[in-house]
Structure formats: C-alpha cells, structure tokens
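Number of protein chains: 6
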Amino acid sequence: ASGTRVPPFAGQPTFLSAPARTVDPVNPDFSGLDVALLGIPMDLGVTNRPGSRFGPRALRTIERIGPYNHVLDCVPVGDLAMADIGDVPFRGRYRLEECHEDIEAWVDKIAEAGVVPISVGGDHSITHPIMKALGRTRPVGMIHIDAHCDTSGPFDGTKFHHGGPFRNAVLDGVLDPQRTIQIGIRGSSEYLWEFSADSGMTVIHAEEITDAGLPGLIARARDIVGDGPTYLSFDIDSLDPAFAPGTGTPEVGGLTTREALALLRGMKGLNLIGADIVEVAPQYDATTNTAQAGAQVLFELASLMCFSQAAGRKSA
Amino acid sequence: ASGTRVPPFAGQPTFLSAPARTVDPVNPDFSGLDVALLGIPMDLGVTNRPGSRFGPRALRTIERIGPYNHVLDCVPVGDLAMADIGDVPFRGRYRLEECHEDIEAWVDKIAEAGVVPISVGGDHSITHPIMKALGRTRPVGMIHIDAHCDTSGPFDGTKFHHGGPFRNAVLDGVLDPQRTIQIGIRGSSEYLWEFSADSGMTVIHAEEITDAGLPGLIARARDIVGDGPTYLSFDIDSLDPAFAPGTGTPEVGGLTTREALALLRGMKGLNLIGADIVEVAPQYDATTNTAQAGAQVLFELASLMCFSQAAGRKSA
Amino acid sequence: ASGTRVPPFAGQPTFLSAPARTVDPVNPDFSGLDVALLGIPMDLGVTNRPGSRFGPRALRTIERIGPYNHVLDCVPVGDLAMADIGDVPFRGRYRLEECHEDIEAWVDKIAEAGVVPISVGGDHSITHPIMKALGRTRPVGMIHIDAHCDTSGPFDGTKFHHGGPFRNAVLDGVLDPQRTIQIGIRGSSEYLWEFSADSGMTVIHAEEITDAGLPGLIARARDIVGDGPTYLSFDIDSLDPAFAPGTGTPEVGGLTTREALALLRGMKGLNLIGADIVEVAPQYDATTNTAQAGAQVLFELASLMCFSQAAGRKSA
Amino acid sequence: ASGTRVPPFAGQPTFLSAPARTVDPVNPDFSGLDVALLGIPMDLGVTNRPGSRFGPRALRTIERIGPYNHVLDCVPVGDLAMADIGDVPFRGRYRLEECHEDIEAWVDKIAEAGVVPISVGGDHSITHPIMKALGRTRPVGMIHIDAHCDTSGPFDGTKFHHGGPFRNAVLDGVLDPQRTIQIGIRGSSEYLWEFSADSGMTVIHAEEITDAGLPGLIARARDIVGDGPTYLSFDIDSLDPAFAPGTGTPEVGGLTTREALALLRGMKGLNLIGADIVEVAPQYDATTNTAQAGAQVLFELASLMCFSQAAGRKSA
Amino acid sequence: ASGTRVPPFAGQPTFLSAPARTVDPVNPDFSGLDVALLGIPMDLGVTNRPGSRFGPRALRTIERIGPYNHVLDCVPVGDLAMADIGDVPFRGRYRLEECHEDIEAWVDKIAEAGVVPISVGGDHSITHPIMKALGRTRPVGMIHIDAHCDTSGPFDGTKFHHGGPFRNAVLDGVLDPQRTIQIGIRGSSEYLWEFSADSGMTVIHAEEITDAGLPGLIARARDIVGDGPTYLSFDIDSLDPAFAPGTGTPEVGGLTTREALALLRGMKGLNLIGADIVEVAPQYDATTNTAQAGAQVLFELASLMCFSQAAGRKSA
Amino acid sequence: ASGTRVPPFAGQPTFLSAPARTVDPVNPDFSGLDVALLGIPMDLGVTNRPGSRFGPRALRTIERIGPYNHVLDCVPVGDLAMADIGDVPFRGRYRLEECHEDIEAWVDKIAEAGVVPISVGGDHSITHPIMKALGRTRPVGMIHIDAHCDTSGPFDGTKFHHGGPFRNAVLDGVLDPQRTIQIGIRGSSEYLWEFSADSGMTVIHAEEITDAGLPGLIARARDIVGDGPTYLSFDIDSLDPAFAPGTGTPEVGGLTTREALALLRGMKGLNLIGADIVEVAPQYDATTNTAQAGAQVLFELASLMCFSQAAGRKSA
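Residue numbers (my numbering), protein chains in the order written: chain A, 1 to 316; chain B, 1 to 316; chain C, 1 to 316; chain D, 1 to 316; chain E, 1 to 316; chain F, 1 to 316.
Careful, some of the hints might be misleading.
[To be verified] Straight-line distance between alpha carbons at most 30 Å, and here's what the computed DSSO-like set of lysine-lysine pairs gives:
#, chain 1, residue 1, chain 2, residue 2
1, A, 159, D, 159
2, E, 159, E, 109
3, D, 268, D, 159
4, C, 159, C, 109
5, F, 159, C, 159
6, B, 159, E, 268
7, B, 268, B, 109
8, A, 159, A, 268
9, F, 109, F, 268
[What the hints assert, rightly or not] Not close to chain F: a few residues of chain C, all C-beta gaps over 10 Å, as computed:
#, residue
10, 3
11, 7
12, 26
13, 31
14, 44
15, 49
16, 50
17, 51
18, 68
19, 96
20, 108
21, 113
22, 137
23, 197
24, 204
25, 262
[To be verified] Restraint-style ranges between C-beta atoms, simulated for each label pair:
#, chain 1, residue 1, chain 2, residue 2, range
26, C, 154, E, 4, 50 to 58 Å
27, C, 154, E, 5, 29 to 37 Å
28, B, 24, E, 101, 37 to 45 Å
29, C, 213, F, 29, 44 to 52 Å
30, A, 70, C, 213, 20 to 28 Å
31, B, 27, D, 78, 22 to 30 Å
32, F, 101, C, 191, 25 to 33 Å
If you're looking for bench data, these hints aren't it; they were derived computationally from the structure.
Even glycine gets a Cβ: it sits at the ideal position worked out from N, Cα and C.
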C-alpha cells in the first residue's frame, strides 16, 4: 500500500499508457494482441479547419487516463492484451485516396491477425477504409456519435472527404444502414444528408436528446445494432464546443461529456469489432479539454472491448 | 451533386456569409432588403471589461454557420432578402451618448425603409437607442435572454451604461414592461434591478430553469409577448462562461447552448420587428467558442425572421 | 441612486473585494472577525500537475463577485465581519509535512479566536491540517464536493499527498466518516478509495447525479451531516473540465456550475465551522473560467456562513 | 483637422483596408487596377502543420496597417489603384496539383490584364504556379526571405509540396537561379537543398546576418537581381518564432521584424513584377503577432510597388 | 543566511511588492513618502483596442520584480519611502475629460505633498493631465519612449484621445518641446505627427536605433533634457510585439527589452519629477510577457528615482 | 530522391526522434550507447512557478528537430549511438533530497557505463546531483548559460533549491569555479550570488553581451574551461521571455535564440562530459516557442557531443 507509482508526467507517452509495441511496416506481427491502439494522423479529408493529423499525438500526451473503469468494472489495459502499435504507415502525406488505401491495407492485416483495432484519427474520412477492411465478409452495424451524419455525396472532385464516409461505406456494402444509429446530429447541413434517411439509418438529433432521455436512447441503439458485428465511431465534435473546442467543424448545441460517457457505457456487451475516436485538432484546444475528452472516450472504447465477443477474454 | 463549393475559409468575411452591401452613410439606400444585418462596434457603456467593439468583426469571421436551419426549416439568407450592410456610421468613438444618437438615427432609417434590423453589438447599451427607433409609434414587447436584468439606474454620472437600457426604454415609453420577459438572470446585482419587478416585467432566474422546463418557459414567454410587435435581445452572457467566456461581465451558473437554442427556436412565428446579439468580447475568447455561439444565435435570429410578420416573405 | 461606484478593475485585489487585514505572523490578532478569508498557496501534495500555489492570487484578481446573494438573501461581506487576512505564514516552500504543521498552527489560532476560516488552496492536502485544527475537540462532519474521494493510502513515501487527506483525518479522529458525504466522484482511481466505503462515508458518483436529482441529493446530504459541526470542502475538479479546466487532475464527466451552485445553496442553515475551495491552478485556465467559478464558490461559502450557528450574526 | 475617422475595428475587413472588389470567377475583369491583393487559402503542400489556408483571413482581420509608409514615403493604397480582389477561385480543396493549376490560371489572367499580383498564402508551394504565370515569357529573378531554401526534390509521391517550389520553378524555366538570393536560411534540412548551390542561387544563412550587416546584404541582393523583372517572396517563418510563432515549420534562430523590415525597404526601386507573403497559420498564433507581422510585410510589399516600374505610377 | 523568505506567489499583490498604503480619497495623506506608485485604470482615450484599464492590476500581480537593481546599484523600495497608494479615485468610468480632471486633481495633491508620482496606466492620454499637475509652475522636459509620437490633433470630436497628449501638453505650456526626445517611433501614422517636428521635439525612429547605437542615443537624450525637471513616459508599445503583445496599438519593428532597459538605465541621475508606464492591455498578453516587461520598466523607473534630485534620498 | 519520409507528426514521440530504448530501472543496461538522452521530470526545487516536471514531455513532443546540423556539420543521432532512455526512475515525487539521490545514483550508472548523459529537466537543482556523479573523480569545468548564477545559499530550510546548485557543487568539490563561466546573468537577485565572484567564477551579465560581442565571449569561455572535462548547463530562462516565456522565473532583457545558438556552436570541440537543458515549463508556453527553443538547444548539445573527446566517435 505504500510503494511507488510512476508519475503521470514521466516517460515516453503512449495511448492510455499502454505498452508501446514496435511493428515492422513491411512484415507486421500483431500476434498476442487482443486489441491494437493505433494512430491515423491524416486530415486531408477535411472541409474546413485542418489539424487532426496531430490528434494521435495529442491523445498520447494526456496524463492520468485509467487504469480502472469503475462503471464498467474492468481494467482494459490489464484485462486484455492491448498495445499502442504506433501509426498507420503511409506512403505519403499528400493524397487522400492513397492514404485511404494505406489505412485499409493496414487494418486488413490487423483484422487478419484476429486483433480488434481502436483507431485514433485523423479526420472522419478514415472510417471508410477501416470499414472496408472490417466489413469485407459481412456488413457491420454502427453506433455513430457525431454532430454530422457524414453521408453527403461527392463535391470538389471527390467523394472521399470527411463528410461522406458512411454513404461510401453503405454503397460499398460494408456498412448496414438498417443496423446504424447516428446520435447528436445538428448544424446547418441537414440537406446534405438525405442518404441517411433514404438508406434506413436512424438519426437522433442533438435537440431531441433531452426529451428522449439517455436510457431510452441506449435501449434503442442496442435494439438497432443487435448482437451482430458492430463498429463504434465517435467524432469528438458530437460534444458541444464548450467541452471540445479543439476540432475542425464545431457545432454549437451538442452533447455534454456526461451524456457521452453514459451513452458509451450503455453499449457494454455489444459485439464490437472495432472503434474509433476522430477529429481531435489540438491547435484549437487552448485548455487541452478536447484531448482529455478524447482520451477518456478512448478509454471507454477500450473498456467496452473487455465485454465484446470479438475482442475479449472476459467473455471466454 | 458533385460540383464545387466555396470553402468556409475563403473570401472576405461577412455575417452569416450573407452578401456584403455597401451603404452610403449620408444617403443610405436599403431598398430591396427584408432584413439588414448590421454591426454596432461600440462598448463605451461597459461597467467592467471592454472589448465588445470587436464583436461584429468576431462574428463575421466565424466559418460554417448556415445555410439551412433544419429545426425551423428555413434558409434565412435565401428565403429573405438579407445583407450584411456594414456597421453603424459613428461620428466618433469617444462619447457614449453621441454614439447612442448615431445608432438611433441609423436604425430609424432602416426601419423607415421597412427593413428589419438584426444588430450585432457592441455592449448592451445599444439596445436602448435601437428601441427608441423601433418603438417610436408603439412600445414593443421583448424576449430578453441575459444574465442581467439591465434595469438599473444611473451611476458614475450617466444612465446610458450597459446596466440600464431597459429601464431607459420603459421610461422613454418605447418598451412595454408588461410584455417583457427576462430569462437567465443571475449574479450578485439583484438589488439594482428592482425596476424590473416594479414595472411589471417577468423575471426568470437561471436557477429556476431546470425545474421550470423549457417547454413551460417558452409557452410563458409567448403568452407574455403575444402577437404584438416584439423585440428579441440576446446577451451572450446569458450563456454559462463555459460556453461563452468571451464577454465582459461573465456570470457563473448560466444557460447551456442547447437550452438557448431551444428557447430561441421556441419563438418561431412571433411578430419580431428587430433583434440583437450583444456583448461578445473576443479578447477573452481563447477558443472562439463565444463567437461561434454568437454567430449561431445570429443565425437563429435570422431564421426566426422567416416566420415573422414584420420581416418575412413566408408569411405572405 | 446616481452616485459613484468603485469599478471592479480598480485597486489592490482581495478575496471577494473584502477589506484587507494585515495580521502579524508572530502575534496574530483576529479580534472582531466573524469569518477569515485566507490563502494557502501550497501545492507540494499534488500527484500530477502543480500550480495551485497560485490559486489564492487567481481568486483575488477575479472581478465582480458579490455583494448580494439573491438566492440565499444575504450580503456576506456586509452581514458578517469578514476580511482577507492574507496567506498562511509558512516557514518554507519545500517540505510538505512542515507546511501542514504551519497550516494547522495558523488555523488553530484562528479557531481559538472564535473565527470561522474559509480557506483558498492550494492543493487538497491542506484540508487535513485544517481539520486537525477544527476537529480537535469533536470530529466534524463533511460535505465534500470533488471528483475524487481523496481517501487513498500512502505511496511514494508519504501519506500527506492530496489523494489522502480524508483518510488521514478519519484516522486522526478529527473527521466523522458517518457524517461525511462525497459528491461528484469519478475518474479511474476508484480502487484506491476503498477506505471511503469501509469507514462509512456516503459516496455519490458523478454518473448518479442526473438520476438522483439535486433536491434528493441535498436532502440526503443534510440528513447525513445533521446539525453537528460540519466542514464543507469544495474541490474545483468536481466541476467538469469544460467549466473548470484550470486544475491539476481534471476528470471528464463532472458537474456543471449550475448543479454545483444549487448543491451549495442547498446547504443553507447547516452548522458550518469552516470551508475551503481548493485546486484552482491558473496556469491551465486560458479563459479564467476556473478562477471565476472558484471565486463564485468562495462567495457561496461566505454566504452560507451568514446562516451558520458557528459563524454568524444572523442566527443571533 | 478635427473630423471623423473610421475606427480600425469597424466594417467588413479587407487586406490593408483596401477597397473590396468583387471579381467574377468566370469572366474576371481587373481593369483599372495597378496592383491586385489576392488571397490563396491553400495549404495542401505542407510537410508538417497545416493551417495557412486561414492565412488570408488572418491578414484581412488585422487592424491599423497603413496608410502611410514614412520610410519609403508613399501611401500605397492611395498612390496606386489597388484592391482586395478576394481569393483564387479553386475547383476544389482536396488536390494539390489541381489547386496549382487554378492558381496559375488565375494569376495568368491578372498578369494579362497588366496588373501586378501581391498574394497572401497559403503555403509556400503556391509560389511555383504564380511564377509559372509571371515568368512565362522571361524567367524572373527573386528576393527570397525564408528559413528554408525550398529547393528540395520530390518525396511522398509529389514534387509539388511546399519544400520544393523554387527547384520546380527553375526546372520549368520561369525562375533564374543566378538572379536569386535566399536570405534567412537555417534549420536542419540543409542536405535537402543542394539544388540551391548547384543551380547558382546565393544563399545567406540566418547565422551570417549579424556579421554581414544589413546594408551589405541589401547591396548584394540588389546586385544579384539587378533591374530585370523580379519577384519577392516572403515566408513568415524567416522571422524567429518569437516574432512569428504562427506558422507550420518554425525554426529557432531567425530574423527580427526590424531586420526584415529593413531588408524589404532596402528593395525600393527594384523592378518587382509580383510578390507574396506566405505561411501564416493563425492556429498557432496566440497573440496574433504573426498576422500583425504578416500584414506589415504585406504593407511593405504594397509600398515597394509604388516604386516598381512594373506596377507603378510614381515611376511615370 | 538560512532564514525564510516570503514566496513571490503569496499575499495580496501590490506594485513591486511595495507596502500597500490606504489613502482616503477625500482627505488624502501622502506624508512620509518619497515616491508614490499609483494605478490609473482608465482607457477611454484609445483609438483601437481597449483593455489597459486592467494594466495596473496586471502589473500588481507579476511576481519576482526586485528588490535589487545591480546595474544601477540600488534597492528602490528600500532606499526610498515608496508605497503602492492604490488607484486614482475617479468620479466615473464613462467620460474621458472627467477622468482627466480627476487624474490632474489627484496628482496635484501628490505633488503638493512633495511626493514623486510613478503612474501605471491606463492609456497614454493620462500623461496629459499628469503633466498639467507636474508642469504647472515650469514646463517639464521629457524622455518619451514609444512607438508613436502622440502629438496628433483632435478628431472624432475630442483632442483628449491617446494619440495627442503631448501636443496638448505643449499647447498648455506644461511640456517643453525643446527639451523633449521621442524614441522608438514607427508605424504608419507619421503624417499625423507633424507637430513633433514643428514644435521642436527630437524624434528618433525605431529604424534608426541600430545605426545610432544606444550610447549615442543616451548621450543625446541626456543632452536634450539637461538637468531641468524631466518626466519619463514609457509606452509599452515602444517594445516590439514579440516582447509586448499585450497592448492596444502594436507596431511591428520595435525595441527589444534589452535595448529598452539600457535606455532607461542610461537616464541615471536625471532630475526626474515623475514617470509612467502605460498601455499594458493584459487581454492580449497570452504569456504575461507584456506585464512582466511593464513591471520591469516600473522597477527601473523606481530605481531611477533613487538618483533623482526630485525624489531621492541618495542625493542627500 | 523521391521516396517516403515519416512525417514529423507521426508515431510515439521521443527526444530528437531518437530511438526509444527501454532501460530496466533495477538492472540498467546502457551498453552500446555513446550518449544517453534522459528526462528528469522533477521541479520540487523551484522558488516560484512549478511546472518543469513536464519539461521532458514538452521536448519529446516537438516536431522537426534534426537530423542535420549544417553549422557544426554533423548528424548527431546518426553519428553517435544515441537513444532516448526515458526518465530517471524516482522513488517518489514528494521529497527534493530523495529525488536528488535518485538522480545521482542513476547518472552514476550511466557514467560508469562510459555513456555521456544529456539531461532534460526539470528544474535547475538537478544539475547538482548530476555533477556529483560526473565530477566524483575530478571536478568539472562549466559553461553555464542562464539568467541566474544559481549560487545562493540555503533558505526556507534547504540548500537544495534551484537557486543554489553551483554553490553546492563547488562546496562538494565536484565543480571547479575557476573553470566556470556564467553567461546571461540578470534579474534582481544579484546580492544572493556573491559566492560566484568569491569562488572565482567568471560572470557575464546580459547587459554586457552586446558590447562584448559573441566571438569575444566564446573565446573567453573556451579559454576558461580549457580542454579539461567540462559540463554545459543551459537554463532556458537565459533567453529573453519573448523567446522563452514558458519557464518558472522569467527575466526580462535576455538572450535571443540567435545569440544562444551562436554561443553553443562556439563550443565545438570542447571536452564535454555531460550537458543539460532545464526549466522548460510548458504551462506558460502558449505558443510552444519555449519547447521549440529547448529542443533546438538539445539538438545543439547532442551535436557538440560529436566533437567531444568524452562522447564521441568522430574524434576516434
């Protein structure tokens, strides 16, 4: 009871203070892992403010997240074999589509190794190639917490921007819109997201949340995704800018962190085959609140894996 | 569906990306407009921190507000003839009363042209001269969202400071206190605002809001102002400093942006003859959250005009 | 009604703009005071980010707190004889235990003079020596609002760090765990706080607050502490980092200021024999929101003293 | 002598408070202008921190630059027909090469109209397409003030990144390396810039400047470029980060603003056919110092045009 | 050698940690003082960004300035009877001219008591009324370190703005232009300051300083003011914004702090009858560098008084 | 020439992007290294603002320092076997003397392995235990660049604070004062540093540097330390706060980075047996300029080791 602890400000920083694991980009070895924490420092898909390429670095340098999740009752970095495996090895930093190919290829290898990826973006366009890797054999369901539906079509010459990953994923057959719920939606681009409704996704706007109540929302979400393979994607801009100013497309009127944590914890036991936290842009984060919130979300995602069939040992 | 959009970071900034309209200060022509968005960069009335003279500039430079309001179902800058007409032409920047005269004269001309003004302050003292212009023929009612009643008397040699515009407006016969509701009130100056109760205004304190519930509050507000001509004045310090730190007289314990947006949207269909958003002081706004919230409020005000008899075409 | 007021930005700053009272460190004279506002600029007990040694200075320089509390209906600096008596005179700034001795000795003298101390930290370890002074003759009860239970045991060679003051206080017989309630608890260190439950404290987690409701929580707290001598300790990290980023061990998912104010005001009439506000670290407070919130809490604590048997005149 | 001035915080902001001129992207009309101030909000070429797409907006919102340059004795916005013509109309925001084509095409039209362009970046890669437009008939000379030579070769699959514009320009035959001087060079990438020496450019490192002395440097620069058509490119990272922190690739040990202004003013009378100020990234500019410095540089560039054969009237 | 020191972060802050002296506004008693440090929190005279009303508070809260000046070899707060006497008691915060009257009246009383005032602004307009008090019987000479000459005429309806105090002082016969030197001048308003040259002031531009050399400048300044009564006015914007961003009208290309300190120390032995440090606006001072520099200047001013006939004991 | 580079924002951060080497705290193995880069996150010795415990983390997260030093012509991380070996393993974070023992023991082991340590503080008190390890057999000489002499005696009950390491080192016989030069000295504590002169150190004040000239200073420094074993200690507060605001005891009037780099590079070929960069406190570093400067200094220190007999291979 009176020993020594490593202070939170010491050492080389990693996600959730998980062990750093060096992975060879050419012949990667992921053996022995249940869950891989990986950075995807790519923000070429943004429509407005860039900067989330620094998101992985920002989350690594947050102190004091973990080890114990008393609400979910688990110690994710201890209960599961989990490591910070570094960042996706990119061929270059200048071409959006090429980066997407690199992401897909890397996550492919992680998934082939039977390891569940939790990714730290980067902008939200990264979820499209991740889903292409994870939903290849069977489309996944999705819990999507965000200010934006991200189901808009091509413009400015590309469909791969961060406003459209879920339209792309559905059209590629890797995301099941019927098993998709989008929570926290707001802003002034609703007219761009008709695809959400048309394809059968369930959309919960931010302004509906207080009346709906979190228990009801959680039940509805669990009902929609069921026990099939499910992906959880958390865009930090789902939070109100008061809680998360450090992001590229902030939208006033969002979730509180207490609501977000309750939502995430309500997903205990879902069959999660991957997850991400995206769009933390530390340039706009004068207090580091956004990175703090992002790291806490990462911790909750890691915790949920303790109870997921796909990832976990606890279920064994 | 695959064209080109102007990025939010491009071009010379205007309020809500509305068209810039150059107006001659001497012989102004407002013809063809339904609504004028105007800046009033004047903060000589503050009791504490100055800085809101930079409020108009701060709101102009916010990106990505609009075009579509999915809650109110309108595209204000498209549905109405609306322009950023620049700032009130002042004779000088050193005399509070002189500035008030200039504001009154300018709004007079706007109103005479049958145009509805939405003003961006500047400190809250500006609402007094605006009301003198708009309530000349008949006192207006008011939805007032603020941390402070702003009904205190003269001190330090003037009654025109930002703590007293609504006392002045009532005493000048341009504001009807019986048709006035003040929402979000708090702080430690209650003893200065006896005039609110004495004159018949309805005062809703911040600490009453959770229990009262927003639907009840909205109903009460609509009942109080009725269908007569009504002004809507939004002081950014009604929001909690967590949501809006960039203001001169912050008060802990305020509204969330979600509450504020719900309140504003609840005013759909009121007969609004003018509105303002005041007290954004960007010097204290390290994250630009305050300006974001202010621009969003401006967007909601513009949206409400789509449904106001006074401004709008939709009612036609 | 038209006189002159001292502007909030003028003069040498003191807590709540209370009168500055110079006290001789060797032969202190506290006569004539009901309540002493004192700074304890000491942060040697932190586990992570230091900086709260600047907490007292930060709270002194906040403008515009007070004079009137309209919810509790009192003017604390007027209703009670209250002064800013400066900071605890320390023998040095390098030894945690020595500082604790100095705090205890100083508060001893304040208490001996029949004066109620309201302390501004500094880190939370300071509450242990304060309690040793105040609970000497009879253990005190406690309203404790915090993100952390602060009942963990020794590590890194000391038990006097800021994670353990209340374990220490119970073991020293100066704090009655049965009359203790801890509100706002969260984070990932729950496994370190078994002492709270084992000793009989009541622990209310942050995630329980929405469902519990504030009126219920207040009633429960009042019931637990009863009418015996009670201490109120407010750690600014009980607030969500959105409201109070400027602290050393922030925890996402906390209280809003509106909740915190309601909780505090719900304690009107308790027999408070001392109180503190701790852990404001202005280095992390880009907007000064944290210091604003801290100063407001200080004002509420001062207001509560107007209704406490121990401090007050109103009860006379 | 006692009239009214427009305050620097009023109105819709433009570069140097020059008149805003709306130009049709399809059929642009630049007639009547001597000099066009244009924004190029594009940062797809950066190697590290993005953000300079917000550079034009940042420079537009700086107050109080101009009107009179007492060192050069001119009033650029008055002496020349000069306007803020808005930003380059891009087809999209996602493809570096496409953006370069759009820049080249737009500057082509400006140059064809006999107007001298002063561009505000954006990252430094923009100077390559600008030079392609301006050096088409005859290669230009260059005064280049920067921390980096920007003459490195392709990597990450492209040669169009911001580390290589001047290699590209030389290889395209639009920049004359013998008439090029690079001033302020430093950092740890010298091994990437062999092309500078190999092609015959003159390179002055930051660490040589104190000993060289500014008058000597100026004389040398004037000698190198002679009286042929010359371009002036100013990268804000030439300044030390103490003077200009808001940039993507800061290098410790740079120029002071006083040195930079002296250098620029020393170029009076050169035959400048265009100029730019690039790499202002306001996300990293907590004090707005970088934007201030950038706007001042823009003012000096505009002033120099008063004395350039290519642009000016004064020479007439 | 091993005693205890009061830490710089402890206690109620005052200028230079000098003793706080409470002065009755109605019947002030300044007896026993050699030098009075006073705040003048007034910024109604600014042309652009307000905020220097918080200058006195900002300088009081800087830690660790003093006690010993090893260059000038003095301990000003010990060698002279010096106190922080608080701020000028104003009748109100809304009228520029009224504030000027209050300043003049207060400094009159200080001067009548034979005490030398060192004032902390506030904007630079305050020096005019100070000079009216100090130069009543004989016009003073002046060492003026600033980015601006501050000799422009009336506009916007007043001559009392912060751009004109020294024109006003000369015209009022309280400042001797022949005994005035202005150092550090730059910016783009030179055309407004013809009065400086016309009246016989010596103007040294920022761009001349490197070549002139500090020893030469100091000699010239000493020669100009001679041994008559002299005032020293230091505008923080004389420093480059890299050193002092926190001010209302920053001008790129200014002095370094090392230059400024050398200049000030070069004035040892002048017959200084008063001094000020003005225009610190902490809202724009993200690093507190400006307030640090301002407090250091204040310390140098206080040190110079040790060697001034007017103030000092050392000369006795 | 057209391959792929790892972007500066990718991966787990280490000092100078050097390889991370995990070292067992109990049985450390440093074999194969020439130089060890180590963090010492300890700030218990500060007299004022704490925070430099986050210094190592701050320097690790700076991007783009290295690989090539064109002035010294070396690639330190390639030319020497160099690794980031993590931080000193401390027994605890609460006791200054205990931490010093742990530092001494750890550096002892590094030195015994024949490895040269370059340490990243932490506060300056760490240099005392480092010197005890490195000067055990023979006292070292020192190049000391700092605002403060750090030779003051005990106070507040300890001599181990950050104001006295070099007095302690001399008295312990591990530092040779005759072979010590202190450069950049200023501030108002000169009276505390008599030991410097008394013991025979050479002290160069900041205000002497311009006149002395850097070449002269460098020659003098080289002459003083000679070719004996020498330590180089760089306190970031030697830089002016404009260049390095992020530190605990800033002193106006300091070095520029260009001067500091020139000084450091002037030490090429000295027999350096260790070095450190201390006092970076990122809490006060709004622009990260201080960490940038600190990382650049670290790079220069690493570069100097390429030419030091003690460390290097080049000399082989």
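Output the numbers, in ascending order, of every earlier hint that fails for this structure. 3, 6, 8, 14, 15, 16, 17, 19, 26, 29
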